Amino acid sequence: MRRTRIAILASAVAALAASGALAQDKTIKIAGFGAKSGVVRSFGINSEAAMLAAADVINKSGGVKLADGSKAKIAVEFLDDRCNAEEGISVIRRIAGTDALVAIGPTCSNVAEPLFGILQKKVDDKGDSGLQFPVFTDVAIKVGLAKISEWAFRNVPNEMTMYSSVFYWLHQKNPQLKTVYGGVEEDFAHSRASWHVIMKDRAQANGFSIAGESKWLLNDTNFATQVREMKKANADVVAIAAHPFTTCGVLKEMARQGVKPKVLVGLTSSSSMETLQGCAKQAQGIIIPTSFAPVSKDGKFAAQQTARFKGSADLHSMAAWENMFILRQVMESEKISGKPGDVQADRRRIRDGLAKLKTTNGLLGVTKRTDDREADKPYLFVQAKGNDWVVLHNPL
Amino acid sequence: MDFYFGLAQLIGVHTLLGLSAYIVLLTGQVSLAQAGFFAIGAYCAGMLTVLAGWPIVPALGASALAGAVTACAVGFPALRVKGLMLVIATLAFGEGVRLFFFNFDYQIAKGDIKVGPLGGEGFRQIRYFPEHGWSTLEVMLFVWAFVAASMALLWWFDRSRYGAALRAVGEDELAAQSVGLNLTAVKVSAMTVGGAIAGIGGGLYAHYTTHIEHSSFNILVATFAIAYPIVGGLRNVFGTLAAVVFVQAFLVEGLRDLGDWRNLLFGALIVLAMNLRPQGFLGRRRRA
Amino acid sequence: MLDFIQSVTDGVLFGATYALIGIGFTLVFGVMHKINMAYAAASIGGAYAGLLVLKVTAAAPPSLVFLGAFVAGGAIGYFVYLTCFHFIPLASPLATLMSTVGMLLLIDEIIVHATDGMPQNYPAMFDDVMLRAGELTMRGDLLLVFAISVLCMIGLLALLYRTRLGLATRAVSQQAVAAQLCGIRVGRVNATTFVITGLLGGIAGALIGASVGTLSPLLTTPLTVKGLIVTVIGGLGSIPGAIVAGLLVGGFENVLQQFRGVTERDLYVMLLLFAFLIFRPGGIFAPGSGRD
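Chains as they are written, first to last, in this note's numbering: chain G, 1373 to 1768; chain Y, 12 to 299; chain U, 7 to 298.
Excised from the complex, chain G in its bound form:
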């Protein structure tokens, strides 16, 4: 009788202790935001899935260690900005009004630019009333955005380095390739800069001559004129700086007019399922440099976990995954407090921590951080084969 009483008492105490421990479970909020509407909807879905998957992995291994030694779980909330500048600004203000410590996003460069513009430009400038909230971008890739504000950081691939490598490798491997012809989406800042500023320049720096260029707009549907110009130029390599919809349109017109360059090079962000969904047959053999492919153990694991949350792993969503782990590391090294009254100070700690980083861990290897808060990510070349992107060359 006495033993039973002790047993019941003991289990009651244990239960109380356990619930007490549960009650002490702290959470830190990381917000995600991006486009879950319109043609770029898949980007938002994948980034959200990657963030949720990463949070799940981190939480299962105990969570984030706070300054006082306790552990906190990460909670992720993802908001849709519909790829609209005003809404993006509204979303970041909304996030800043909660107890979220940092935000990962946005998807669209036309949201990132105004959004970084409303952030405080220099960190301790008392006369600047800009928002003081750290943003760590996973997808928006237009060149040179992070230098707009000291609160903005990006983990996106450096196209200058990658395309330099592509053209160098092509030239080494096949010295008989001499000319490059470019096709570019003129009204999309990213693709436009990628051809005019990056691809053209890097091709010439690596021994190619530019045979010409054709332009179109991002929702164009008739490429007859452009492909005729391409055919006349008869270049060895055709480089297409465009997103999947017009890339597919051009490739189909090339098939129609019998234009078959020896090598096809594509735009970084087109190395996703979209291109294969739209025109797998015509896109066969296109070479694209990218900052993710599931080649390493970590990469395969990340892809698998993201799939559990119904997202697909590509260079964009895997940047979000990497960001989560980088943030965990920064939060622990900067000793954030995780206390409800200390939110702004914690945000500042995270910002300072991100600014201090010289290297981060990426799924393809170590990523260097640059002085203007951008990333120099390791990369490899993928090629469209069948219904998938296959690793063609790993320069690492």
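Everything labelled a hint here was simulated from the structure, so no lab data went into it. Please note that the accuracy of each hint is not assured.
Unchecked claim - If you want a taste of the chain U side facing chain G, the calculated C-beta under 8 Å gives, among others:
| no. | residue |
| --- | --- |
| 1 | Asp16 |
| 2 | Phe20 |
| 3 | Met124 |
| 4 | Gln126 |
| 5 | Thr169 |
| 6 | Thr198 |
| 7 | Thr220 |
| 8 | Asn260 |
| 9 | Val268 |
Computed from a predicted model, the values in this text were never measured in an experiment. The beta carbon of each residue, even a glycine, is placed where N, CA and C say it ideally should be.
Take the given structure of chain G and dock chains Y and U to it, following the hints.
Leaving out everything else, chains Y and U in the frame of chain G:
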């Protein structure tokens, strides 16, 4: 609180956009050109504060003037077309303005960087407000000062002969002409006032988003401009305000918790609103 | 010189797709004197729905997909009629306009949700056929689109001028009240108009999808704008006008793209529209004005 002030700024600027279409709608003209005047105001005010260092109020005055002058110029040929053709003509004008800015480069060097509009890349770093230390609350009050002034102006018009003339032309042009109203004067003046209001709205838009590009002024913006007064009803200016609040505060922000359903509900609720209240939220039901 | 002719040829051939969409816009306007802003979106929606056939049988021939788009287009057309035109009183044209805009947004979102915004490969007929006339090359599939536009035009004109339904439709478009007094059921006539334009729209969407090669939500806005421009240039309510205008706009824009580049191209299309509005506001084939 910052979020609510920011949302109020957004509602204010969109109300200006809606009001610019409202006054033109009163005269029976459906104008999809208001986004074009909005764009002109935006680039004008942006260039004046960033490139020429003007303070914000004169810059907005200049953008109002730019909007008004362009609208006046558009008002005259617009007289020649009616109904659907006017809709398409103004749509084409708006697109023309957007394409103009798509091709427009005007950069000057400030220190070691170049600033100014750069065609497809847009016009970045219009940071007058943060650079001068304006808080979100101060910007909101500033925006709403203009909104209140515009609403007061239009309200006063409505109480005056001019407002009666506007509505008379909107109801029945032939009858209005036969009582001696000058159609040209009424329609062009309405367009001009609308252009001025849109110009101010655009100038404010450029400054509170800090970055503008041609695609910020696309057909969707033009459509929203007329959507606000239509959904709100043409009885008075508060209808437009109510519609802006409905769309931006309720549909866009309020429904955010519904996640993916929000976007689907957007179009569906507009269709529903038009079926249930074709005269708009604050409109008078017309007898067919 | 050859470049110029080839440019014109390429453009005019692609203009056949604009013609197809323009026919639907102009028909609705001609009958109901209201514009259906959701028409292009509904057509593309029909084309997407046609792809569902491929989900059932992956090896279905393109013609079956087109048939699916045809039927879906008609259904969507009827749905648009119900939600935007049937219940809203005639005296509220603005409400109808806004309602169709809401429908456009809704259809766009449904497409985006169903496909996650990703471009979809579209089956094509004759898309690898290139005809040669001397030094000139012409796309075979676009010639097919043109042929189908002409067939549709003949069919619609026959419907309008040789059938009772057509008679009723013309009566309603001229004087709805008088037509009602003659015992014509206005609601039913209007609904039928929408179903017919919807069927046409489904085919148009499918053929456009086949010509472009991929379907994407990016298609709806430019098609809406082009469709409206073609409608105005061709003459509101005129079906042959829509075809001629479609070809004209197609050829014009391609030639101007050749000479002035792609960034200025659309500016010139707008200027073409303005020229028509100033010098020939009724359009190419201005229909005879009714007594109203």
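Against the structure, the hints come out as follows:
The interface hint given for Asp16 (chain U) is met, as the beta carbon of that residue sits about 4 Å from the closest beta carbon of chain G, less than 8 Å. A hinted interface residue such as Phe20 (chain U) counts as satisfied when its beta carbon comes closer than 8 Å to some beta carbon of chain G; here the least separation is about 4 Å, so the hint holds. At about 5 Å, the closest approach between the beta carbon of Met124 (chain U) and any beta carbon in chain G falls short of 8 Å, and the interface hint on this residue holds. Of the supplied interface hints, the one on Gln126 (chain U) holds, with its beta-carbon coming within about 7 Å of a beta-carbon of chain G, less than 8 Å.
A distance limit of 8 Å between C-beta atoms decides the matter here; for Thr169 (chain U) the minimum to chain G is near 35 Å, and the interface restraint is violated. Checking Thr198 (chain U) against chain G by beta carbon gives a least distance of about 31 Å; that is not within 8 Å, so the hint is violated. Here the hint on Thr220 (chain U) is kept, as its CB sits about 4 Å from the closest CB of chain G, short of 8 Å. Annotation: interface hint on Asn260 (chain U) holds; nearest CB of chain G at approximately 6 Å, less than 8 Å.
The restraint placing Val268 (chain U) at the interface with chain G holds, with a minimum CB-CB distance near 5 Å, inside the 8 Å limit.
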